[in-house]
Amino acid sequence: MRSPYGLDIVESCLSCKIREHRLFCDLPPKALETFENIKFATAYPKGAVLFVEGQAPRGIFVLCKGRVKLSIGSSDGKTLILKIAEPGEVLGLSATVSGKPYELTAETLDPCQVNFIKREDFIRFLRDHTDACFKVAEQLSEKYNSACHEIRSLGLAHSAAEKLAQLLIEWCNHNGQEGKPEARLKIALTHEEIAQMIGISRETVTRLFADFKRKQLIQLKGSTLVVRNRAALKALANS
Amino acid sequence: MDAFAPATCLQCPMRGEKVFCNLSAAALQELDIVRSVGLYPKATTLFAEGRAPRGVFILCSGRVRLSICSDKGKSLTLKMVGAGEVLGLSATISGKAYEVTAETVVPSQVVFVPRKEFLRFLREHRDAALQVVQFLTQDLYVAYDRVRSIGRPRSRRARPA
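If you read the sequences in order, they're chains A and B. 144 is the number of the first residue of the first sequence in the working numbering; add one for each residue after it. 217 is the number of the first residue of the second sequence in the working numbering; add one for each residue after it.
Calculated from the structure, these hints are not laboratory results. Possibly wrong hints are sitting among the right ones.
Result set (BS3-like, lysine-lysine): computed pairs, CA atoms no more than 30 angstroms apart in a straight line [stated by the list, open to error]:
1. A:K208 to B:K312
2. B:K332 to B:K258
3. A:K261 to A:K356
4. A:K243 to B:K295
5. B:K290 to A:K243
6. A:K226 to B:K290
Incomplete in silico selection of chain B near chain A, CB under 7 angstroms [claimed, not checked]:
7. I284
8. S286
9. S310
10. E319
11. V322
12. L352
Here a beta-carbon is modelled for each residue, glycine too, at the ideal position from N, C-alpha and C.
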């Protein structure tokens, strides 16, 4: 079957096979039915902007497939990548709920399927379904947790090397490679984007990667990064 | 310390002024049953970052500092909070560890609601649940603002001509 950007679009939440594994989507039947009636399933290519920081909130974007880069602008015009959203995350949630402008800019890193719900429909949905309220509270808590984590990394890490080492360790843990002595990571971000994630310059990222390679902490094979000496990298992250 | 210790939330003179406290009489009566009140001196740690969430702390009076700490004892102030605010909300909802440390900076009165009772209270009072969602968005905005202010790379100083 042909579809845009090679995505296998799931038209109905009711028949979605992975719904139960997604925290937000695992709604009770009545709420799910309402949700199904108010959502619009859409497909976006890589590099599409779902919303920009400062824009009036139109609604929420439930990320079904693909990943989205969430970035925030500092007061002097620099961009910081707050996180890479994974499928299951609800984007634009705090703005939609509060009515304030979107706090972040969301740009797709891959072709994505996104379920969009208009703001007024979503607010009504929350008022009518306590379970949905709880799901939203859980999502917001998760985002708060991530933001606090970012504050700790950015504000309390001593050096650029420490920040980069911390990021690589987090990526290893996130990809389920905690126990492995040698972790392999598929890096989908440019040096500039990695710099934007940890608040350092692109030049410093390039220099540090060369430095880590020289010290045999990592190895780069195309877009795959192999963490060769995890213990040393971890020690650097905590130094 | 000011003698400010109303017997119940329902009788509290600030009830109408504080957002979370401005709930229906029925909801407040239920809250009165499950909560406990504490008067804490300055420099009391209500909860610490990394600890399992016991419940929420509603600040009735006083002032609390929320901070994020590193392993080496360095800390960053996230926010100073005043009366009417609900602390430990995100951790209580998610069940994950408290993300910040909360310490009183002046003598403070605090209402504590244990996690299990608080979640049950929210399920039974949709208004309170909606209120909690709004509080969480406010907490999130504070965190984003903090990220904005500390996240930018250091800019080079302009060389004199």
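For each hint, the structure was consulted:
no., hint, in the structure
1, A:K208 to B:K312, "holds (26 angstroms)"
2, B:K332 to B:K258, "holds (28 angstroms)"
3, A:K261 to A:K356, "violated (48 angstroms)"
4, A:K243 to B:K295, "holds (20 angstroms)"
5, B:K290 to A:K243, "violated (33 angstroms)"
6, A:K226 to B:K290, "holds (24 angstroms)"
7, I284, "holds (5 angstroms)"
8, S286, "holds (4 angstroms)"
9, S310, "holds (4 angstroms)"
10, E319, "violated (16 angstroms)"
11, V322, "violated (24 angstroms)"
12, L352, "holds (4 angstroms)"
Hint violations for this structure: numbers 3, 5, 10, 11, all remaining hints satisfied.
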